[in-house]
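With the sequences and hints as input, model every part of the structure.
Protein chains: 2
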Amino acid sequence: MARDVKRKYGGIGAGRRVSERRAKLLAAGLQAFGTKGFAGSSVKEICGLAGLTERYFYESFANKEDLLRCVYHGLVEDLVQSAEQILKSGGSREDPAMALVRLFFETLRDDPRIARVLYFEVLGVSPAIDAAYREGTRKMIQVVKETVATAFPGMDEQFLERSIITTGLAGAVNLILMRWVLEGFSPPLETMLDEAALLLEKVRRAGFLTRIIHDGFRD
Amino acid sequence: MARDVKRKYGGIGAGRRVSERRAKLLAAGLQAFGTKGFAGSSVKEICGLAGLTERYFYESFANKEDLLRCVYHGLVEDLVQSAEQILKSGGSREDPAMALVRLFFETLRDDPRIARVLYFEVLGVSPAIDAAYREGTRKMIQVVKETVATAFPGMDEQFLERSIITTGLAGAVNLILMRWVLEGFSPPLETMLDEAALLLEKVRRAGFLTRIIHDGFRD
DNA sequence: TGATTTTGACAAGAAGAAATGTCAAAATCA
DNA sequence: TGATTTTGACATTTCTTCTTGTCAAAATCA
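Protein chains in written order, with this note's numbering: chain A, 23 to 241; chain B, 23 to 241.
It is worth saying that the hints were derived from the structure and are not from the lab. Cβ coordinates follow ideal geometry from the N, Cα and C atoms, glycine included. Any given hint might turn out to be false.
Coverage of chain B stretches by chain A, computed from C-beta distances (three or more under 8 Å per stretch; other residues unrestricted) [unchecked claim]:
1. 181 to 188
2. 194 to 201
Just so you have them, the derived chain A footprint on chain B, three or more residues with Cβ under 8 Å [as the list claims (entries may be wrong)]:
3. 55 to 61
4. 135 to 144
5. 216 to 225
Shown next as structure tokens:
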């Protein structure tokens, strides 16, 4: 399979060819892990998807687990980057918090493989992967923190840093997304977004967070 | 190993002996999955822990995955039952919501194997396990719903049923617990409980949920 | 006691995968 | 063109595991 892969090693430098192979393997890893799961995917299979052979696998990755770690890391990195962009360029007419929510929902719905890797395949594989997950979660929580700080100006950042509120919020989004994935993306995106928007609006109108803070949280 | 296991098959009926073996295997499964993980545990190992041989494994379980499913199911069942008991017998002087929170935190801290199976090992193994997880999560969300209904009397149950609030709440607890587990149960239990109590108190004082409801959520 | 059931130890087949190694063909370079 | 590098196919080795099967010893029953 993949017999007609172009092989020009003169025009393209060696280093670049290696990284192109690496990219192919990453894409194949997402495909394999995201559809058949980590345990259900063999290195040979992944190489087949990438149109490469095992030799090139071990050129870029120590083992299958290492590939999973890199795939996961890339997904988190992409998501966080998109999120940061949304937060920084407040140009969008949409509420930044809602724009974030939309980003997550749309990303996962449009590529369920991402959802599977991000939420299901990365857990309980090995201590190294657990560490990567821990780091990924930390980044996501950071994004949530920045989002709250943006959506509720005047919020005490120190408070956000210390409290479990942001972790809780991230967890809420997390489980809602997980269930949505498991339910096959039903109800449809727009319904979910409407509900989220309504909830956010009510939270604002109730002055929930600001009340909690200014009501003297630590007295 | 386990050479001195008592073997009286006359005094104890056949069916009972089978279920005793089954129980031993379930305990061994929790031990294995909860310390070395699902992928890192072999059937032979589990049998060794149970003091039984492979023949008896397949007497009670179709395969390793089946054992994981049963272990997980048992853990969820126990937790839910403890929770229901706390909720029904409102006798405890403690706030039922906090009693629930305490139950979860204490259970996981006192037996981290439970935490590992419940939160990490059960994901991404197979469609059958995913289904079990889905059902387990559903039950947990149900408990959260009942807790909120108890803690905030006058709450519109229909609203709770329909909204994503309960899922979000369950997710919040979920991730907070996961991180706590991953951080090696630091900060200590009492700190976590204090923070949770403070948060709950503030939510009450802000009249958050009731405001959201009575403010006309669906207008 | 002698027969029978249950049990534990272990063999062994079947299967699959991880990771490394070999080698000739294809592509490229000089 | 001829030499060299890169590449793909595949063999191989070494494991590991699941799962079934065999068989004698121990416990029990009649």
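Structure-inconsistent hints, enumerated in ascending order: Violated hints: none at all, because every hint is consistent with the structure.
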